[in-house]
Each structure stands twice: as structure tokens, then as C-alpha cells.
Amino acid sequence: MAKRRVSTERRDREVFEEPREELDERVVDIARVAKVIKGGRRFAFRVVVVAGDNRGNVGVGVGKSRAVPDAIRKASERARSAMRPVVLEGTTIPHSVMAKSGGARVMLRPASPGTGVIAGGGVRAVLEAAGVHDILTKSMGSSNKLNVIRATRAGLRQLKSPDAVAQERGKPITEVAPFWRRTHVKQP
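Residues in the sequence shown are numbered consecutively from 1, following full-length UniProt numbering.
Please note: incorrect hints may appear among the correct ones.
For each label pair, taking beta carbons as the anchor points, the in silico distance ranges come out as [what the hints assert, rightly or not]:
hint, residue 1, residue 2, range
1, G114, A34, 38 to 48 Å
2, A154, G40, 18 to 28 Å
3, V36, S142, 17 to 27 Å
Calculated directly from the structure, the hints in this document are not laboratory data.
Just so it is clear, CB atoms sit at the ideal spot from N, CA and C, and this is done for glycine as well.
Produce the complete structure using the sequences and hints provided.
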């Protein structure tokens with residue numbers, strides 16, 4: 001019987017990590033899930049991570065694994081790769097929006113500067129990671145954290161900037177801009 005030679009090259013190799021920009025990553029939910037198999041149940045963990053740069057980009061990732069640290073790592077990687085821009089109007093959103101995912105419904109409404117983030121749970125995590133500072137929210141229906149987060153992301157994807165809406169409608173920006181911005185918009 002021949003002896004196996006163990007390669008130490010892989011072990012000794014220096015781990016190279018690319019420099020990452022500083023992101024706000026939050027573990028929002030850790031749930032134990034089960035797969036029913038012939039011999040019983042096989043348990044694993046599902047982790048939901050929200051990543052954002054606090055400057056208008058946010059992503060949500062879901063990772064599953066038999067061990068929690070592996071699930072967190074997978075979810076974090078997926079959240080980083082799923083980051084998308086969010087339309088912001090100063091420190092809030094440009095207009096009200098309602099979104100749904102599964103049984104969860106989320107309403108997002110712009111708020112005056114100084115209001116703060118009036119939200120709870122997963123909605124707050126997504127909005128703060130995106131860099132929203134003033135907003136009013138209401139979560140209705142299912143309180144499943146994953147569906148609430150998906151509904152929040154869907155709502156953020158529906159947002160349009162006042163410039164885009166004005167161009168779509170063929171109207172001046174002053175007619176479609178939020179009330180707190182109307183005084184700061186230059187007249188054409």
C-alpha cells in the first residue's frame with residue numbers, strides 16, 4: 001500500500017483578501033430550518049443579512065448551512081453582491097410607496113428632516129443600511145422577517161426621483177418635487 005503525500009502548499013499559502021469598502025452589515029434573522037428525510041429531520045440554519053454603505057446602496061442576502069458561522073458568511077457574500085442603489089431625496093425618500101412580498105406588506109412614507117427612522121425590525125435595518133435618516137413606515141400582515149425585508153426592498157425599488165417623474169410626465173420639476181424641496185428648486 002502506497003503512502004499518501006500530504007501537500008502543505010495549500011495550508012501554507014497566504015490568504016489574500018481584497019480590500020473591501022466599509023459596509024454596514026447586520027444579521028437580521030437566524031432561523032433553524034428542517035428538511036425531512038427518510039431517517040428523520042435534518043436541521044440547518046437560515047440567516048438573513050442586510051448590507052449597505054449608508055450612502056444609498058443596500059443589499060439583502062440569505063445563507064443556509066448546517067453551522068451558523070457558515071450561513072452568516074454565505075448571507076454576507078450574497079448581500080454584498082446583491083447591493084443596488086436606492087433613490088433618496090436628501091435624508092428621506094421622494095414619495096410614498098406600498099410593497100408586498102408573500103403575506104407581508106410594507107408602507108414607506110417620506111418624512112420631514114429631523115423625524116428619524118420610524119420603523120421596526122427588518123424594515124429599520126434595511127433603511128438604515130441604505131442611508132435613509134427620516135422616514136415613516138408601517139408593516140402590515142405577516143411579520144415573517146424575510147418577507148418583511150423583501151417587501152421593503154421591493155418598495156425601495158419602486159422609488160423614482162422627482163427629475164425622472166417630471167421628465168416622464170412632461171411637467172416642470174416644481175410640480176412633482178416634494179413640498180420640502182419646492183423652495184430649493186431653481187425655476188427654469
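Against the structure, the hints come out as follows:
1. G114 - A34: 38 to 48 Å: Holds: the Cβ-Cβ distance is about 46 Å, inside 38 to 48 Å.
2. A154 - G40: 18 to 28 Å: 37 Å, violated
3. V36 - S142: 17 to 27 Å: 23 Å, holds
Violation of the numbered hints given earlier is confined to hint 2; every other hint is satisfied by the structure.
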